[in-house]
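Peer 1: Below are the chains, spelled out letter by letter.
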Amino acid sequence: MDEIARFLRSYPPFDRLPDQVVHQIAGELQIEFVRAGQTILTRGGEPAQFLYIVCKGSVDLLRSGDQVVDTLGPGEAFGHPSLIRGQPPLVTVRAHTDTLLYLLPGAIFHRLRAEQPQFAAFFAASVIERLGYAIQSRQAESNPALFQTRLRDLIARPPVFISADATVGDAARLMRAERISSLIVDQFPPGIITDRDLRNRVLAEGLPDTTLVRQVMSAPATTISADALAFEGLLLMLERGIHHLPLVDHDRVIGLVTHTDILRRQSNSPLFLPRLLQRATTLADLRRYTDQVADAVNTLMAAGARVSDIGRVVAVAHDALLQRLLHDAEAELGPPPVPYAWLVLGSEGRYEQTLRTDQDNALVYDDEASPEAVRYFERLAELVVGWLVECGFPRCPGDVMATNPEWRQPLSVWQRYFRRWIEVPDEESLLRTAIFFDYRQVYGALPAEPILRTITQHAAEHRIFMARLARAALRQPAPLTFFRQVALERRGEQRDLLDLKLRGTAMVVDLARLFGLEAHSNETNTIARLRAAMAAGVLSREDGDNLISAFELLSTLRLQHQQRQIANGLTPDNLVNFHQLGPRERREIKESLQAIASVQRGVALMFQTDRLA
Amino acid sequence: MLSLWSRLFQRTPPADFVRAYEAFPEPDRRLPWREVPYTVIDVETTGLDPRHDALIAIGAVNVENGRVLLKQTWYSLIRPPPDREPSVESIRVHHLTPEELRDAPPPEAVLAELLQRIAGRVLVVHVAEIDVRFINAALKPFGGRLRRPILDTARLAMTLHLNAQWLGEQSRDMPAPAVELRGLVSALGLPIYAQHNALNDAVTTAQLFIAQATLLADQGRNNLAGLIRAGGV
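Top line first, the protein sequences correspond to chains A and B.
Each residue of the first sequence is one higher than the one before, counting from 1 in the numbering used here.
Each residue of the second sequence is one higher than the one before, counting from 1 in the numbering used here.
Hints in this document: simulated from the structure, not taken from any laboratory.
Among the hints, a few may not be true.
What the hints assert, rightly or not - Non-contacting residues of chain A with respect to chain B, defined by C-beta distances greater than 10 Å in every case (computed): (1) Ala-26; (2) Gly-27; (3) Gln-30; (4) Val-34; (5) Pro-47; (6) Lys-56; (7) Gly-57; (8) Arg-152; (9) Val-216; (10) Thr-222; (11) Ile-254; (12) Arg-312; (13) Pro-572; (14) Gln-594.
Stated by the list, open to error - Which residues of chain A face chain B? A partial, calculated answer using Cβ under 8 Å: (15) Asp-2; (16) Glu-3; (17) Glu-28; (18) Phe-33; (19) Arg-35; (20) Cys-55; (21) Leu-90; (22) Asp-227; (23) Glu-239; (24) Leu-276; (25) Leu-277; (26) Val-374.
As the list claims (entries may be wrong) - Every beta carbon over 12 Å from chain B, so not counted as near; a handful from chain A, in silico: (27) Glu-32; (28) Gln-38; (29) Pro-74; (30) Thr-260; (31) Ala-284; (32) Pro-335; (33) Arg-531; (34) Arg-564; (35) Ala-597.
C-beta atoms are modelled at their ideal positions from N, C-alpha and C, and glycine is treated no differently.
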């Protein structure tokens with residue numbers, strides 16, 4: 001039955017199975033017709049004997065009290081949780097319309113689960129496992145090198161050790177003999193000495209070759225577990241600005257990888273970015289640098305990186321740019337008259353910027369600033385914001401930028417701002433000021449970030465604030481219809497649209513901010529906030545894991561959509577036509593939104609939003 | 001007496017496989033429709049006249065417990081007599097060439113297997129008249145013919161249409177349903193499998209049949225007798 005095989009192949013997980021297996025499955029199916037309103041499986045009744053796949057029509061899944069939990073359409077399956085556990089179904093399944101079903105006998109289902117890992121993972125019992133698998137399979141199919149290779153497998157030779165009491169002359173001769181560019185210093189914790197150290201810390205400083213290794217080595221060296229993934233090693237090297245990474249196993253260095261070991265064939269490696277920034281002399285060079293950052297994002301995306309990891313890479317690269325620009329501005333205007341801090345807000349503050357988006361920044365300066373000092377910071381902000389525009393970061397349409405005097409203030413004023421937001425909360429302004437709670441200091445000698453954290457960390461003690469923040473977070477409910485289908489919008493001529501930001505990632509960002517503050521956490525990153533909230537026990541593990549999976553998925557789909565638009569010369573937006581997505585994406589989106597909706601329902605109760613006048 | 005009878009109607013003494021087929025008891029008509037075993041068949045022929053045209057392919061699928069069992073399907077070509085090879089026009093419909101058919105098993109083997117497969121089961125055919133006439137013509141030299149009950153999905157469609165009118169679910173001006181398989185199947189929102197292949201058509205018909213039987217059961221005709229009244233031939 002070629003048609004049935006073709007039908008199955010257009011839906012997950014059958015789209016990932018070998019053709020021949022799908023044909024075998026098609027040959028084992030039974031076809032059943034069910035009238036609208038007829039019950040197929042009964043909650044607490046007989047365990048399912050089949051995996052049911054909807055061919056035509058739709059079925060409702062009902063929890064107790066006939067509450068519809070989900071509605072499944074063509075290509076969607078049910079009955080597997082009961083079939084896997086051999087237990088009575090947890091939901092009643094009733095035909096919503098006249099429905100034609102394909103039934104896969106239980107014995108065949110179990111055999112497929114044993115033989116096809118993809119199939120088994122897809123029909124894992126819970127939504128969270130399935131969403132997790134969805135992310136994993138996206139990564140796995142793109143670049144196995146970065147995401148499946150353990151660093152351990154990249155070790156080319158055993159490490160070469162040297163004593164901390166040897167001389168740098170000995171070290172140089174050992175490196176020459178072994179034809180390597182770094183040595184592990186044999187001590188606990190281990191140190192490292194590289195040819196660059198010999199150049200920069202010995203020769204350039206005019207030190208003799210009798211200098212001891214311990215005087216110029218880096219110790220303790222940045223190390224990573226030998227079992228970490230290649231990508232994690234890449235990220236760590238990028239964040240620390242290093243090129244050699246010792247691998248440890250049970251506290252012992254067992255090898256060493258360099259960034260070229262990891263990325264032999266990739267020209268857009270983010271590891272080349274720091275050098276590019278160093279060499280840049282003109283604004284045009286810096287503009288090229290940010291173009292390179294965008295290319296690196298494409299490379300990482302194509303390589304199957306998680307969007308959250310890409311966000312970290314971009315944060316490192318853009319922070320470095322900002323530091324460079326502020327440094328250049330200081331060179332032009334003279335040293336700052338009093339200490340100050342440059343803050344980034346919003347997606348940048350959350351380490352979630354992936355494309356060049358609008359600037360969101362602010363400046364905090366010391367309370368002792370004289371009127372001239374105030375004018376200095378005004379000029380500094382003008383310069384840096386202007387340069388950022390030239391580097392491809394448009395001005396913020398809401399004017400949340402250091403050039404706006406409201407957001408360029410002494411520390412005491414900023415402290416007042418945050419206290420007012422928290423102690424006299426007002427829902428309308430909360431919608432506007434929420435991004436200020438996602439701040440991060442990128443540059444400057446004034447410890448503004450830790451000082452302001454002492455205020456925001458205690459926000460949770462103000463229950464009215466939390467309730468209002470919760471209500472603001474619930475302004476955008478997960479877009480689901482009464483039948484648990486994805487609710488779509490219409491904009492002018494275009495129909496069936498879904499806004500992957502406003503009605504997708506932003507909902508998770510808002511929830512994470514709320515839970516992060518509730519957990520008294522200092523994290524600004526959405527996933528880190530959710531983890532902190534789970535650790536603090538204010539968010540259940542299941543809800544937290546579901547939100548993280550949903551966030552990763554929606555972010556990935558959004559970035560893929562925007563990259564496609566950019567590749568086609570369009571201005572990137574967040575609107576996708578839902579029906580043009582594949583069935584796999586549609587199902588993943590639906591499950592993500594259902595996970596978000598379920599947490600949203602709990603939030604209203606938990607933060608007692610109903611008590612607000 | 002018996003020999004006179006058979007001479008009078010020129011009936012050949014039945015072959016062994018026919019006798020075995022006829023020995024099976026008929027399904028109990030009081031059984032709920034889901035408890036009765038069915039075989040849905042479809043045939044390909046070189047034309048429409050059993051006296052000049054030949055049966056060249058047959059497809060069958062079983063229905064049990066009200067479900068179409070794709071694991072229990074059968075498809076066979078049938079070697080036509082040398083003077084009844086398919087014409088160019090008919091090849092356009094069924095895509096079976098004289099070369100393919102020359103290698104096919106002879107009618108006797110295919111008919112024996114058919115009768116063995118349908119023994120004790122209710123036969124379901126779409127527009128049964130043509131297919132049954134062809135099969136009976138082919139069985140005649142072996143002294144056999146298909147046994148009733150035989151259900152016709154085209155007749156079931158007509159009954160359902162009349163019932164709907166009678167129940168006021170459909171306006172009297174509504175035209176009677178087309179007898180064409182594709183039209184009936186898509187009117188019920190069911191998928192159609194590639195046409196003009198006897199097995200695909202049998203599966204498409206089987207789907208139509210389980211939908212019709214379910215609808216009839218909803219109207220109170222829950223057993224085999226009800227199905228026979230609504231669509232027996």
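Peer 1: Minimum C-beta separation from Gln-30(A) to chain B exceeding 10 Å: can you confirm that?
Peer 2: Since the minimum Cβ distance to chain B is about 4 Å, Gln-30(A) lies within 10 Å and the statement is violated.
Peer 1: Gly-57(A): least C-beta distance to chain B exceeds 10 Å?
Peer 2: violated (7 Å)
Peer 1: Going by Cβ atoms, does Arg-312(A) stay more than 10 Å from chain B at every point?
Peer 2: holds (47 Å)
Peer 1: Mind checking the CB of Glu-28(A) against every CB in chain B and telling me if the closest is under 8 Å?
Peer 2: It holds, given that the least Cβ distance between Glu-28(A) and chain B is near 6 Å, below 8 Å.
Peer 1: Return the status of the interface hint for Cys-55(A): holds when the least beta-carbon distance to chain B is below 8 Å, violated otherwise.
Peer 2: holds (6 Å)
Peer 1: Hey, does the Phe-33(A) contact hint survive, CB to chain B under 8 Å?
Peer 2: holds (4 Å)
Peer 1: With 8 Å as the cut and Cβ atoms as the points, is Val-374(A) at the interface with chain B?
Peer 2: Violated, because the Cβ-Cβ distance from Val-374(A) to chain B comes to roughly 73 Å (cut-off 8 Å).
Peer 1: May I ask you to check that Pro-335(A) keeps its beta-carbon over 12 Å from the closest beta-carbon of chain B?
Peer 2: holds (76 Å)
Peer 1: Any Cβ of chain B at or closer than 10 Å to Lys-56(A), or is the non-interface label fine?
Peer 2: violated (5 Å)
Peer 1: Would you check whether Asp-2(A) satisfies its interface hint, that is, whether its CB is within less than 8 Å of any CB in chain B?
Peer 2: Status holds, d = 7 Å.
Peer 1: Under the criterion of a CB-CB separation shorter than 8 Å, is Leu-277(A) in contact with chain B as hinted?
Peer 2: violated (59 Å)
Peer 1: Against chain B, does Thr-222(A) keep a CB gap of more than 10 Å to every residue?
Peer 2: holds (60 Å)
The structure is inconsistent with the numbered hints 1, 2, 3, 4, 6, 7, 21, 22, 23, 24, 25, 26, 27, 28, 29, although it conforms to all the rest.
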